[in-house]
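Between the sequences and the hints, there should be enough to build the whole structure, so can you do that?
Line order of the protein sequences matches chains A and B. Sequence positions in the first sequence follow the numbering used here and run 1 to 123. Sequence positions in the second sequence follow the numbering used here and run 1 to 427.
Mimicking BS3-like on lysine-lysine, the simulated pairs with C-alpha atoms at most 27 Å apart in a straight line are: (1) A:K78 / A:K6; (2) A:K44 / B:K60; (3) B:K227 / B:K163; (4) B:K77 / A:K73; (5) A:K5 / B:K377; (6) B:K60 / A:K73; (7) B:K322 / B:K337; (8) B:K77 / B:K31; (9) A:K78 / B:K186; (10) B:K60 / A:K41; (11) A:K94 / B:K77; (12) B:K163 / B:K237; (13) B:K60 / A:K78; (14) B:K77 / B:K4; (15) B:K5 / B:K108; (16) B:K322 / B:K60; (17) A:K41 / B:K377; (18) A:K44 / B:K377; (19) B:K31 / B:K5; (20) B:K5 / B:K117; (21) B:K163 / A:K78; (22) B:K377 / A:K6; (23) B:K77 / B:K322.
No lab work stands behind these hints: they were computed from the structure.
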Amino acid sequence: MAIEKKVMNCIMCPMGCELTATIEDGTVTSVVGNTCPRGAKYAKDELTHPMRMLTSTVRIDGGALHLLPVVSKTTLPKGMILDCAEELRGVVAKAPVHVGDVIVPNILGLGVDIVASRDMAAV
Amino acid sequence: MTEKKIYDIVIIGGGPGGLSAAKSAAENGAKSILVLERDREVGGILQQCVHNGFGLHHFKEELTGPGYAQKCYDLVKDRLEVEIMTDTMVLHIRESEGTKVVTAVNPKNGLMNVEGKTVILTMGCRERTRGAIRIPGYRPAGVYTAGAAQRMVNMEGYLPGHKIVILGSGDIGLIMARRMSLEGCKVEAVLEICPFSNGLTRNIVQCLNDYDIPLYLSHTITGIKGKDRVEGVTVSKVDDKMRPIAGTEFDIDCDTILLSVGLIPENELSRELGVAIHPRTNGPVVDQHRETSMDGVFAAGNVVHVHDLVDFVSDEAEIAGKFAAIKANGEAQPAKKDIAVNPGDGVNTCVPQHIRLADGADESVRLFMRARSPERKVTLHITDANGDVMKKPLPIVKPSEMIAVDIPAAKVKALAGDVTVSIEGGK
Ligand SMILES: Cc1cc2nc3c(=O)[nH]c(=O)nc-3n(C[C@H](O)[C@H](O)[C@H](O)COP(=O)(O)OP(=O)(O)OC[C@H]3O[C@@H](n4cnc5c(N)ncnc54)[C@H](O)[C@@H]3O)c2cc1C
Ligand code: SF4
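Here you go:
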């Protein structure tokens with residue numbers, strides 16, 4: 001049986017805990033070093049299917065500012081982040097917008113919505 | 001003639017620090033709180049930090065910068081005690097017969113004076129610039145601070161360039177490396193003069209490694225090419241005294257250089273007012289209530305010391321807001337004991353710089369420290385005139401990540417003489 005240990009830093013929050021994952025025959029059997037449960041999930045995901053949040057901006061019409069900051073509702077596959085960012089470059093939202101409003105539903109069919117990260121009043 | 005209004009508290013700066021201080025002051029009995037903000041809206045630097053990673057500790061949920069700012073604002077916007085003036089630049093603060101006179105200017109009122117029983121300084125910090133780091137060569141277009149570029153890309157909607165080199169591995173530079181990559185630019189390299197990164201580990205992983213951006217430690221820019229516009233940089237390795245090593249030069253083509261060489265607290269107003277400034281933090285010297293060397297003048301957030309976690313800014317500002325409210329209401333107990341808190345071995349800065357205790361005080365005190373160098377498996381050791389106060393093992397310390405430690409109330413009560421905080425062991 002192949003037992004392997006991998007050391008990595010959790011990136012789920014700025015604490016950046018150092019995690020040690022034990023992998024037995026391709027499955028993660030234990031994670032130590034995490035301060036909270038999100039760390040264990042991160043290590044498992046990172047070793048099997050890495051995921052990332054996406055934050056960016058989109059243009060907005062009729063708003064107090066020209067740009068609206070947006071965030072993915074949950075994480076997206078790491079390999080798709082650049083494609084999603086490119087998709088967002090063509091999007092134009094319309095003011096007014098409330099924090100949490102869906103700006104792009106189901107981006108690139110990945111099952112994740114892109115939402116506004118702040119209010120933006122219309123002017 | 002109407003009687004002149006004197007606010008309980010005037011807060012200078014409406015970033016997360018100012019807003020959190022206002023909320024806490026209102027909750028702790030202050031009746032009239034005025035927040036003055038020079039920008040068109042409150043929220044401070046967070047409005048341009050569109051990335052996530054804020055709020056897990058303070059709000060127990062993960063937020064983007066604008067999302068965090070929104071939450072801080074939502075908590076005060078309907079409170080009758082809190083008045084907010086945006087587009088209002090504070091020019092001067094002075095002490096006059098026990099009240100603080102704040103001179104500010106805005107398009108509606110022109111030049112005006114407002115008075116407060118107390119003031120809270122929450123002006124944040126600003127970026128160090130190229131002048132502070134002396135790169136030889138012409139002064140072509142295409143050199144920006146990372147924060148200025150962040151505002152351009154995230155709030156104004158244009159790109160500073162397309163082929164980017166970043167000098168300095170502070171968090172703003174790392175965050176911008178990812179941001180520019182997401183906008184379709186090519187980030188050629190991040191150069192760091194120190195042998196370690198000054199950014200959070202998570203930012204190295206998700207902002208550089210994810211995008212295959214090389215990080216050169218112990219390297220710096222020794223020349224900038226191009227006369228009207230940046231065309232490239234010459235990079236050299238540096239020795240352990242940070243002097244460029246001859247023969248190690250190589251060139252990188254780029255049209256833009258972003259400087260991420262650190263932040264300094266914004267304290268012109270504090271200095272003019274006469275507040276004592278600490279030479280290492282570049283911020284006001286404060287006690288555990290965030291009261292400065294001047295009676296009734298409080299300070300919190302990046303103006304006191306540069307924070308990497310906005311959550312700690314809010315925590316600190318809530319302390320300042322609470323004790324400013326107590327002071328404004330005339331309920332503050334006079335301090336009977338003044339204990340200095342000094343950084344010892346391995347510790348670069350420690351805030352608060354002193355603990356002032358009234359008779360019968362029963363309070364725990366949180367210390368915020370920065371380590372001198374990255375170390376593993378160390379012990380944080382707090383001592384006073386009698387010896388050990390407490391020891392705390394820490395698996396890892398880094399200068400880029402602030403350390404927070406609580407001294408429990410019983411131990412605070414028993415403190416004798418000055419306190420020294422050191423980091424021992426390592427590697
Ligand atoms: C690029 C960047 C990335 C960051 N990333 C993270 C992160 O991922 N996670 C995290 O937790 N933290 C992060 N931080 C840290 C966090 O954003 C700051 O610590 C926090 O915003 C500081 O709050 P503050 O209120 O002290 O200062 P600021 O937010 O700077 O607010 C100060 C306010 O005072 C106003 N002001 C200043 N002078 C005057 C004057 N004379 N008159 C009127 N108003 C004035 C300014 O306009 C500003 O609005 C980041 C910071 C930066 C710069
Ligand atoms: S394990 Fe939890 S506390 Fe540690 S970095 Fe990950 S999310 Fe943050």
